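J.: Each chain, written out:
There are 2 protein chains.
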Amino acid sequence: MSRGYNFCAGLAALPEDVLDQARAELLEWDGARASVMEISHRGKDFVALAAQSERDIRELLAIPPGYKVLFLQGGATQHFAQIPMNIARRGQSADYIVTGDWGEKAAKEAKPTVGVRIAATSEATNYDRIPARETWDLDPNAAYVHYTPNETIRGVEFMTVPDVGGVPLVADMSSTILSRPIDVSKFGLIYAGAQKNIGAAGLVVLIVRDDLLARSPKDMPKILSYAEQAAQDSMLNTPNTFGWYLASLVFKWLKKQGGLAAMAERNRAKATLLYDYIDGSGFYRNPVEVSARSWMNVPFTLPREALDAPFLAESEAAGLLALKGHRAVGGMRASIYNAMPLAGVQALVDFMKDFAKRNG
Amino acid sequence: MSRGYNFCAGLAALPEDVLDQARAELLEWDGARASVMEISHRGKDFVALAAQSERDIRELLAIPPGYKVLFLQGGATQHFAQIPMNIARRGQSADYIVTGDWGEKAAKEAKPTVGVRIAATSEATNYDRIPARETWDLDPNAAYVHYTPNETIRGVEFMTVPDVGGVPLVADMSSTILSRPIDVSKFGLIYAGAQKNIGAAGLVVLIVRDDLLARSPKDMPKILSYAEQAAQDSMLNTPNTFGWYLASLVFKWLKKQGGLAAMAERNRAKATLLYDYIDGSGFYRNPVEVSARSWMNVPFTLPREALDAPFLAESEAAGLLALKGHRAVGGMRASIYNAMPLAGVQALVDFMKDFAKRNG
Chain A
4 MSRGYNFCAG
14 LAALPEDVLD
24 QARAELLEWD
34 GARASVMEIS
44 HRGKDFVALA
54 AQSERDIREL
64 LAIPPGYKVL
74 FLQGGATQHF
84 AQIPMNIARR
94 GQSADYIVTG
104 DWGEKAAKEA
114 KPTVGVRIAA
124 TSEATNYDRI
134 PARETWDLDP
144 NAAYVHYTPN
154 ETIRGVEFMT
164 VPDVGGVPLV
174 ADMSSTILSR
184 PIDVSKFGLI
194 YAGAQKNIGA
204 AGLVVLIVRD
214 DLLARSPKDM
224 PKILSYAEQA
234 AQDSMLNTPN
244 TFGWYLASLV
254 FKWLKKQGGL
264 AAMAERNRAK
274 ATLLYDYIDG
284 SGFYRNPVEV
294 SARSWMNVPF
304 TLPREALDAP
314 FLAESEAAGL
324 LALKGHRAVG
334 GMRASIYNAM
344 PLAGVQALVD
354 FMKDFAKRNG
Chain B
4 MSRGYNFCAG
14 LAALPEDVLD
24 QARAELLEWD
34 GARASVMEIS
44 HRGKDFVALA
54 AQSERDIREL
64 LAIPPGYKVL
74 FLQGGATQHF
84 AQIPMNIARR
94 GQSADYIVTG
104 DWGEKAAKEA
114 KPTVGVRIAA
124 TSEATNYDRI
134 PARETWDLDP
144 NAAYVHYTPN
154 ETIRGVEFMT
164 VPDVGGVPLV
174 ADMSSTILSR
184 PIDVSKFGLI
194 YAGAQKNIGA
204 AGLVVLIVRD
214 DLLARSPKDM
224 PKILSYAEQA
234 AQDSMLNTPN
244 TFGWYLASLV
254 FKWLKKQGGL
264 AAMAERNRAK
274 ATLLYDYIDG
284 SGFYRNPVEV
294 SARSWMNVPF
304 TLPREALDAP
314 FLAESEAAGL
324 LALKGHRAVG
334 GMRASIYNAM
344 PLAGVQALVD
354 FMKDFAKRNG
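Protein chains in written order, with this note's numbering: chain A, 4 to 363; chain B, 4 to 363.
If you're looking for bench data, these hints aren't it; they were derived computationally from the structure. Just to be clear, a hint being listed does not mean it is correct.
Just so you know, same-sequence chains aren't split out, so a pair can sit in one copy or run between any two.
Claimed, not checked - Calculated pairs, SDA-like style, for lysine to any residue (alpha carbon to alpha carbon, straight line, at most 25 angstroms):
{"no.": "1", "residue 1": "K258", "residue 2": "T163"}
{"no.": "2", "residue 1": "K356", "residue 2": "A342"}
{"no.": "3", "residue 1": "K259", "residue 2": "I66"}
{"no.": "4", "residue 1": "K255", "residue 2": "R26"}
{"no.": "5", "residue 1": "K47", "residue 2": "A316"}
{"no.": "6", "residue 1": "K47", "residue 2": "E62"}
{"no.": "7", "residue 1": "K111", "residue 2": "D222"}
{"no.": "8", "residue 1": "K108", "residue 2": "G46"}
{"no.": "9", "residue 1": "K111", "residue 2": "R92"}
{"no.": "10", "residue 1": "K255", "residue 2": "R61"}
{"no.": "11", "residue 1": "K356", "residue 2": "G333"}
{"no.": "12", "residue 1": "K111", "residue 2": "R93"}
{"no.": "13", "residue 1": "K258", "residue 2": "D23"}
{"no.": "14", "residue 1": "K356", "residue 2": "V293"}
Just so it is clear, the structure is predicted and the values come from calculations on it, not from any experiment.
Using the sequences and the accompanying hints, generate a full structural model.
T.: Set out below in C-alpha cells:
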C-alpha cells in the first residue's frame, strides 16, 4: 500500500474504508452474484440501495419534509444550464452573487435561458472576499438568487447562509456539501457534483423544494425536467448506478464518523491547523480575507515563484499529492475535504515547515 | 467466486477480466498512489488514458477521419433531447424510423425541440419486424433521419444500414455498438449508452461527423453543445472518469479478443445456438421475423404464462440471472452482449431443454 495524502481539488480523495468495501464487493455485490454495476436499477436490490441512500443523506443533512432528493448526471455545470430551464419562467431574470470562478461560470451557462443579473460580485478584489451584504442589489421579483457557498479555486467560503428575503435561494454546494451541518430550510435548491464530498464524478445530488419542482415547464424534454425526474425517483432513465452506490457508501461512512457535527469539528480543526501555520510562517501566504477562508480549499503562495517547482516535486516525493494551485491563481492549493484525515494536514504542515526552513 | 451468467438487458455483464483489473487497481491506479477516481481529469495520466481510449475505439470501429468521438454523460435518453438541440435548425423537422420502444421514446423526447415525423413504424405488428424500406416516407429536407439499429426490449435488429440518401443518418446504437463491424462513414451521428457493450451506466459515447458538429447553435448552453464538448475533448467539465476508465479497459479487452470481426463471429454463433434451439423446441417461441432477430437480445415466451415463475426461480437457482422479460412484452429475455461467453448461452440452452422436458 503506497497511497499518498491526496490534496486534489477536482476529483477528491475518497475515504479509504469506502474504497476498500467497493473493492471487496466489486465482482459480487451483496449476494447478487454480479457487480452492483451489472444489475438492473429497477430490481429490488438496487431500489433498496437507492432508498437507503436517500434516507441517509436526509438524516445527515436533516432535510425537512417538502424537499425531494435527486441523484442525476451531468456535473454541476449541466445544472448551471438546467436550473433556469426548470425554475425560471419565460421573461424572468435571476440574481447571481459571484464570489469566484464557479459563480461566474454558473451565470454564463444560465444566460441562454434566463436574464442574468449580477447582484453582487467581488471580482474587483480578485475574489478574495464575500461582498458585504448591504451592497447586494437584489431584485425581489427574481426567479431565484444563485450563489456558490464555497469557491473551490480561490478558497472563499460563506460562513453563514445569506438572507435573500422571499426569493428562492439556489446554492452550488459542490465543494462544501456534507462538510458541516446546514439549515436546508433556508434554501430553494441545493446541488452538488459528487466528486468532492459525495463520491465520484458523474453523479450530481440535488435537493429541491416542492414548490420549485412545480415550476418545471410541461413542454420541456422530460429527461431535463426536475419534476419528471422527481416523479420517477431519479430513474427516468438508467442512472449512474456505480456512482450512486459509492455515494451510498460515503453516506454510511459519514454516519459512522458521527455525522456532520463531528465532520464540522474535524474540518474546522484541519483548516485551523493549516491557516494558523500559514499565517505564522512568514513564508507562505493565503490571500483570502480571514472571515471568508474556506474549510475545504486552502490556496497558498510561496515567497518566490521559482520555489513552486521544487515544492511540488518534493511534496509529491513525500507522498503529498496534487498540491499544484489552479492555473487561474498559481501557487499551491491544499484541498482538505471530508476524506482527508487530520494526520494528512499535519503531514503537510510538517513538510511545509521543513521546506520553509531549507528555503527561507 | 459464485458469479452467475448474467443475462440482464439494461445494465449488462462486464467482462470478468475487466472487473478483475478494476478491482486490482481500485485503490492505486497505474502508479498514481490514488484511485483513478481520485485524480484530476486534466492531469497527464488521465489525459493519456482518454487519448488511448479514443485511439482504441477508433481502431475497433475503423472510424474514418472527419468524425469526433465524445465521451459524455446523461444516458442515451438525454441525447434523445440533445441531438435535435444540436443538429436541427429552428423550424426544421426530423424523420424517425420507429421499430420499438426506444425509437418511440427518442421521438417523444425530440418533440419539444424539433418537428418529429414518423417516417416509418412497425407498431401495427407489435414491433416484430423492420418496415420494408420501400414504405418509408422520408423527407429529403429533414434535419436528420433517426433510427435504432437494435431494439433492446423486443429484440429487433437491422442487419444492414439503411440508405436514406443525403440526409444525415443518426443511430442510437446503445445495445449493439461494438458487437460487429459497422461502416461508420454511412452515419452522421452514432450514440450509445455505455451500460451494454461499452462499460457502466453514466457514460455515453458519441461519434459525430464534423459537418454536424458545425450545426450546434452558438447561443445554447455550452455544456449541452456537442461542438463545445468536441472543442474541449469532452472535458468542458469534469467527465465521469471512472466510467471512461472502465470503457478504456473494455476497448483493450475487445482488441485482445481479436476486434469486432472476431466478436461478430462469436455473437453470431451465440445467437444462432439460442434461436435454433428455440425454433426447434416446440416449447419456446420468439415472435420476431427471422430476418430481424437481434444478436444481442433474445426474447422468448413459454407455452403457458403459469410456467414463467418456476422458469425464473429455477434458472436463478441454476446461476442463470436476470432472464425476466421486459414488462412491456412479458415472458423471458436473454441478453447476450459481448461479455456473455458461448458457454453461458450453452448453459442456458441446456437449462431450457431440461425445463421443457420436465414441463412439456
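J.: All the hints need checking, so say for each whether the structure fits it.
T.: For each hint, the structure was consulted:
| no. | hint | verdict |
| --- | --- | --- |
| 1 | K258 <-> T163 | within (24 angstroms within a copy, 54 angstroms between copies) |
| 2 | K356 <-> A342 | within (23 angstroms within a copy, 53 angstroms between copies) |
| 3 | K259 <-> I66 | within (19 angstroms within a copy, 49 angstroms between copies) |
| 4 | K255 <-> R26 | both (16 angstroms within a copy, 21 angstroms between copies) |
| 5 | K47 <-> A316 | between (49 angstroms within a copy, 15 angstroms between copies) |
| 6 | K47 <-> E62 | within (22 angstroms within a copy, 39 angstroms between copies) |
| 7 | K111 <-> D222 | both (24 angstroms within a copy, 11 angstroms between copies) |
| 8 | K108 <-> G46 | between (38 angstroms within a copy, 21 angstroms between copies) |
| 9 | K111 <-> R92 | both (18 angstroms within a copy, 23 angstroms between copies) |
| 10 | K255 <-> R61 | within (12 angstroms within a copy, 41 angstroms between copies) |
| 11 | K356 <-> G333 | within (20 angstroms within a copy, 68 angstroms between copies) |
| 12 | K111 <-> R93 | both (17 angstroms within a copy, 23 angstroms between copies) |
| 13 | K258 <-> D23 | within (17 angstroms within a copy, 30 angstroms between copies) |
| 14 | K356 <-> V293 | within (21 angstroms within a copy, 75 angstroms between copies) |
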